[in-house]
Every structure is written in structure tokens, then in C-alpha cells.
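Visitor: In order, the protein sequences belong to chains A and B. Heads up: the first sequence begins at 1 in this note's numbering, then just goes up one per residue. Heads up: the second sequence begins at 1 in this note's numbering, then just goes up one per residue.
Keep in mind that the hints are not guaranteed to be accurate.
[To be verified] Listed below are the simulated BS3-like cross-link pairs for lysine-lysine, each with C-alpha atoms no more than 27 Å apart in a straight line:
1. K106/B x K77/B
2. K106/B x K41/A
3. K60/B x K41/A
4. K56/B x K68/B
[As the list claims (entries may be wrong)] Partial chain A-side listing against chain B, Cβ under 8 Å, derived:
5. F39
6. S43
7. N70
8. S73
In case anyone wonders, no lab produced these hints; they're calculated from the structure. All residues carry an ideal CB built from backbone N, CA and C; glycine is no exception.
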Amino acid sequence: GAVVSQHPSRVICKSGTSVKIECRSLDFQATTMFWYRQFPKQSLMLMATSNEGSKATYEQGVEKDKFLINHASLTLSTLTVTSAHPEDSSFYICSAGSTSGGAGEQYFGPGTRLTVT
Amino acid sequence: GNSVTQMEGPVTLSEEAFLTINCTYTATGYPSLFWYVQYPGEGLQLLLKATKADDKGSNKGFEATYRKETTSFHLEKGSVQVSDSAVYFCALSRASSGNTPLVFGKGTRLSVIA
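Bound conformation, chain B alone (with noise of 0.2 Å):
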């Protein structure tokens, strides 16, 4: 079946830190590939996504880059700051649209400090 795996977090940085978040996925076919932040007392929003091999994701200075021979899709970001403290979580899609539920991943729990 689909699956996703992430690293096991708490993940702890020092603000302008390099921060790579390991995903990693097993699905049959070409998966839609997705990272979803969630803030403090929040849902979920969509951070950014891939949806065919060597795609690569980017908002808000996050990178993810889709990389099928190695089924992996890793979040980086070249230099955290504290309002990036929250829970990033790894998601794929085998739908084109969006009436087929995400699969994802446990979430990393990233805190920042000054």
C-alpha cells in the first residue's frame, strides 16, 4: 500500500540554521508529493508541493525536491528563523484531484530558537 515515512523528530536549530527534513515514500505510479505545516493550535497548510519526478517545490525559502529513483522527497530550507517553529508533515496523493484522502506521515515536530 502507499506509505510515507519522515524522520522522527523533535528537530531542534539555531536560528539561520540549515534544516533538512527527511521524507520518504512507497507507492505504486507517479504520487502527487506534498508538505503540509501546521502551527501551534492550527490545521494544516499546504507549504508546498511536486507532482512528477525531478519537480522541485518551493515557498517561503522551503525546498523539496521530487526524486523518484530514490522515492524521497526532502524538505530543506537554507536558513530557519523562529516563526518557522511548528510540525511539518510529508503527504502524498495518488489522485489528480482531490477527492482521494492524503496518506502522510507521522509529522517533525521543528523548534527554533534565538
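Isolated chain A (complex conformation) (with noise of 0.2 Å):
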């Protein structure tokens, strides 16, 4: 099956330090990949939309400043959070539509617990 890869699993930075954190899809081409972010014990709500050579499409109430993401190639996507706060300590979490899929599945990575001190 689709295997997506995460990395790092787990980061713990200081305030007002970036974290870059990467999505990979290792056997398949992911047009299109997905960044999410779940708070404890809640769902996961949506940041934006990657698409590779495009700029990503942000849902409302996210800062695109702040929240930046890179999608150069089919396999890789990064989630860059600058200047991290204590706030924004969270599971992160990407996901990849294969185009070959079907059916409108994704495959989601492990996540990434971030922790800013």
C-alpha cells in the first residue's frame, strides 16, 4: 500500500524558533498533499492544501506567514512554522492524495508532535 513518511516524529524547540517539518510520499506521486493539525482529543482541522509547483491554498484562519509551506517535488512536502510559540504546540499531521488512488483515499503520515518551550 501508499506509504506516507514524516519527519521528525517528535520536536521540541525554543520560542520564536522554526521548525521545519517533512512529508514524503516513498511509493507513489503525490500531486497533492495535506497538512493538518490535531489538538488533544479533537479532530483534525485542516491547514492548507499542496500542490507541487504551486503556491498552497491556506484555509481561513490560517497565517500563510506563519504556517509556510514548500511542495518542490511529487514526494515531498514541507511544513515550515516560524517563529514558534507555545501555542503552537501541536500534532501536525500530512496526508497525500495519489492520483492513481481512486476513490478520493489519502494516506496519512505518523505525525509530528511539536512541543515549543
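Since each chain sits alone in its own frame, please combine them into the complex, following the hints.
Guide: Listed below in C-alpha cells is the structure:
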């Protein structure tokens, strides 16, 4: 089956620093990747849709200058949390849709837990 | 707009009990329907799916039937195990490929006790 990896799985950073999270589709090409944020015991909140070679589309209320998304290739999308603050601490999950997957399903990465101190 | 409503949790069951997690949806046309499972500290895994009315998705003893007349996709398992403890998300997609975001329900936490 399709596999999506994320790196790092956990990261702790100091307030004011930036953190980059990578999302890779390992055995398929993903023209579209999605970034979600999940608060404890809550559902996933879509942050942005990332299309290869073009600018990401952000959901309402998500600061595009704070959450920088780059999708430079068909297998890699990155999310950079700039000038992180404690309120950015969360579980970030990416997913990828395969154009050959059919039925609209997506494949999810294992998530990255970000803690900002 | 499109939306998914699933039963509030948490749900606590004894091992070998019967499980039902209700899910209903609102969408125009014929969406594809999914159940995803999230184990503690992990991302989401596709559990099962159905792409048209009366389809039954099944995997690992779990089943769900796409009911257009009741706009439902309830998840069932005849005999749960402790290892089934997780959060279950019902979701829909209007797209035929994976290039459109899924619409998720709020998730239902299941705890199975020995």
C-alpha cells in the first residue's frame, strides 16, 4: 500500500525559533498533499492544501506567513512553523492523495508532535 | 455543504462485546465514505471504505455499509479486542481522486477493557 512518512516524529524547540517538518510519499507520486493540525482529543483541522509546483491554499484563519508550505517535488512537501510560540504546540499530520488511488482516499503520515517551550 | 456526524464518545466496552459507531453524512451526489483509525500517538490509517450505495467495506473484522437512503455508514464489529482501543474517524470525499480534502467527523474514542 501507499506509504507516507513524516520527519521528525517529535520535536521540542524554544519559543521564537523555526521548525521544519517533512512529509514524503515513499512509493507513489503525490500531486497534492494536505497538512492538518490536531489538538488533544479533537479531530483533524485542515490547515492547507499543497500542490506540487504552486502556492499552497490555506484555510481561513491559518496564517500563511507563520506556516510556510513548500511542495517542490511530487514526493516531498514541507511545513515550516516560523517564530514558533507555545500555542503552536500541537500534533501535525500530513496526508497525500494519489492520482491513481481512486475513490478520493488519502494516505496519512504518522504525525509530528511539536512542543514549543 | 458536506459534513459528517458521528456519535460522541468515549465508548467503553468489554472485550468480545459488539461495537457500533454511528456515522451519518450530508453531501450532494454520491460521495465515497471512509473509516480511519488512529492509535495513540500515531497518524491515521485507512480502516475501510465504500464508494457507492449498498457497498460494504470490511477489514480486520470491522464492517460498514453505505446506506444512501439513510445517509449512513455505521461501523460495526462483532467482537472487539483490547487492541481495537483507538479513535475512529468517519470521513467522506466528493472526489474520484485523492486531490480533494476529506471531510472528517469529530472522532469517537473507543476503549476496550479486558
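Visitor: Each hint: holds or not?
Guide: Going through the hints against the structure:
1. K106/B x K77/B: 20 Å, holds
2. K106/B x K41/A: The hint holds at about 9 Å.
3. K60/B x K41/A: 24 Å, holds
4. K56/B x K68/B: 12 Å, holds
5. F39: 11 Å, violated
6. S43: 5 Å, holds
7. N70: 18 Å, violated
8. S73: Hint on S73/A: violated, closest Cβ of chain B at ~16 Å, above 8 Å.
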